Amino acid sequence: MTIIVDGPLIRLAGNCGAEDAEILLSRLQEAPESQIDVSASRHLHGAVVQVFLALRPTVRGMAEDVFLRDWVIPCLAAPP
Amino acid sequence: MDELLEQFLIEGPEQVQQAGEALLALEARPEDAALVDQAFRAIHTLKGSVGLFDLPAMAEVLHVAEDLLGARRDGRLTLSRAATDVLIAATGQTERWLDALRVTGGALPDDAGDVARALSQRLRGFLVPGTPVAGADNGRVEAALSDTHWVESLFREQASDAARHSVVTALRYTPDAGCYFRGEDPIALARAVPDLLAFRVFRRPDAPPASDAYDPYACDLVVELLSAAPVEAVKVPFRFMPDQIQVLSWSPPSPGPSIGPSPTGLEGPRGLRVDASRVDTLVALVDELVVAKNALADLAARMADGLAPDVAARIMGDRQAMLDRLIGRLHRTVTDIRLVPVLPLLRRFPRMVREMAAAIGKEADLVVDGQEVQADKGIVEGLFEPLTHLLRNAVDHGVEPAAERVAAGKPERARIGLTVGREGDRMVIEVTDDGRGMDPDRIRRTAAARGVVPAATLAELPDDQVLDLVFRPGFSTAEAVTVLSGRGVGMDAVRAAVGRLGGGVGLRSTVGAGTTVRLTLPMNLVLTKVLVVSVGDDRYGLPLDGVIETVRVTRDRVLPIRAGRAFVLRDTAVPLLALSDLLDQPADDVREGEAVRAVIVRVDGALLAVEVGTFLGRHDVVLRPMAGLLAAMPGLLGTTLLGDGGLLMVLDLPGLIAALHRDGDRLGGGRP
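Sequence lines, in order, name chains A and B.
Mapping of the first sequence onto the UniProt record's numbering: position 54 corresponds to residue 54, and the numbering continues sequentially without gaps.
Mapping of the second sequence onto the UniProt record's numbering: position 568 corresponds to residue 568, and the numbering continues sequentially without gaps.
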């Protein structure tokens, strides 16, 4: 389980693979105001990343993983 | 076969060889202008020779190839890997045509016209971006644009670290839509790239809108990155998809000259603009000195005539007092002449900060603020270099890239503050940024790794003192720069430069919120009035400016309060510390009935009395700031030589007391 829905908050945890992209997408389509907490994520698959980029949800938290923290998440949080 | 053609068939292959060698070498060193030159000259010579014969197909290809290389040589465009490939193909074709010419004695094969058209069109495609490329037998030709705009934009956006490298590898990876179904994860591939300097992932410009039918499994990502690793190493993770990547070596623009310490305008002869009235005051003072000197001569004459010694001593005392007063005024006037306002110096920095930031692709504003403070010209001039250093650090390492700032909820443009004010007789200059701050844990790790401080000591150091480690020589190295958000750069140099001016540097920082560097400097370099006191057998100087008054308190008025002592001074309870305690020295023997001698100082706004042995007098001294190991000692302002040749240490009482606080609460509970 790498996607935990907690009210308006969606927590991504651990290694988020391609299969998570669909779950994330449908959740965001149902509740577009959802915020996504990435602090517990270790990897985000490309499919997950493109859901972020397409729907631009609010991203919260800083991942422990250095690559995500320094490079990927700033791209997700930046305005399109 | 005519002579001209014979000659051409001898020289032609040599030219082709030269062009081919240069083009191949260009793949590895695309920025090498000499190689471009070599290829251009060879192709140019070939084209000239071909023009002597009726070989339109060959002339056309060489003509376009020459245009392309010429544009590259003049810097009008950069050669992508794909463009170089086509140029190499063109030289190969030329070589084959030369063979054919030799065989046929001057005729090209029948398909030459078509081959030439196809080649020329591909070459022209690079010359004019946007021209459709026909016959793209090589998939890369289509994917690769011959421009490097994206590299520059990526560099501007975030790659301040890349500016440190002379050549970086840039890679753009455009995975095809079906890549997820082959188990490819572009993010994981990018993660595998070594020595990443910059990275961005975004959707293709033609990506479908995020409608209900949005398909997250049709990859629409583009990944662009810069790495310090060589091209071959960067390509490794993408070895299975060579057709989806564009890789090139790229040289970041060299930072503008303004980013270095270039104190232009401060060099050359040092002039000083002096208010005429100050010169008039000086002239008047010198006149008075002449009178005083004559009065001494008169006294000498009267003493020679047998003036009574006690009368002579009294007159002598008067004259000495007058000289003292005159010399004091002279000193102040001369010192004032050297005073210049500080703000004009600071106002020179905003443009410099703008340029520094632009050079590394960041946005930052410098806000200069402060009181009209005047300081000795030597000090103001000496500030230029350390301030340049500090501002560069702030821009380069304190301020985050725009994307990171936005992610942290900060405005995109960083704000750097440069303020000047006075505190007592000192000038305080602060450089504040709203950047990422300094992480004490990272500093601990770096300090441990560099062996700056033994690990055991390090663990016990409180965070605020850990920050101070960046001032240690040996902490600042190029490697520490990235590990530690780079605050270490030249901080020891800053402390040394400020120390030479008689000042000190302090630092405070909040992770995520920014860093403030605080310079405390004297306003003038010249004389400091000190109160000389004794503690045991030693003498110490206390700057008189810091002493509010000296008091003698009978012992019965000193009351123990918890672990400390205090006495009441004009209805205020004043804690009493002993200088011998502050210095960790044996106290003077207490003689019965003798009053406690103390100086009253103000520390953090509160009055405090410091007990001394005896008062030995007041002196005007030239204070020498501490250097070397002693410079780091808290509580020591400097040293001076006394008239008898002895060395006098001048203490910084507030600093000593603060150090005592940090060392542990030896102070006791005597504070109000």
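The set of hints was computed from the structure by calculation and includes no laboratory data.
Please note that the accuracy of each hint is not assured.
[Unchecked claim] Only pairs whose alpha carbons sit at most 20 Å apart, straight line, appear in this in silico EDC-like list of lysine to aspartate or glutamate:
id, chain 1, residue 1, chain 2, residue 2
1, B, K293, B, D243
2, B, K410, A, D70
3, B, K235, B, D365
4, B, K293, B, D275
5, B, K529, B, D365
6, B, K410, A, D37
The structure presented is a predicted model; accordingly, all values stated were derived computationally and were not measured.
Hints and how they fare:
A hinted pair counts as satisfied when its Cα atoms are at most 20 Å apart, and K293 of chain B with D243 of chain B does not qualify at roughly 94 Å. Between K410 of chain B and D70 of chain A, the direct Cα distance comes to roughly 16 Å. Compliance with the 20 Å bound is thereby established for this hinted pair. Of the supplied pair hints, the one linking K235 of chain B and D365 of chain B is violated, its CA atoms being roughly 38 Å apart against a limit of 20 Å. The straight-line distance between the Cα atoms of K293 of chain B and D275 of chain B is roughly 28 Å, outside the 20 Å bound, and the hint therefore fails.
About 41 Å separates the Cα atoms of K529 of chain B and D365 of chain B, which puts this hinted pair outside 20 Å; it is violated. A threshold of 20 Å between alpha carbons decides the hint, and for K410 of chain B with D37 of chain A the separation of about 19 Å falls inside it, so the pair holds.
This entry does not satisfy hints 1, 3, 4, 5, going by the numbered hints stated previously.
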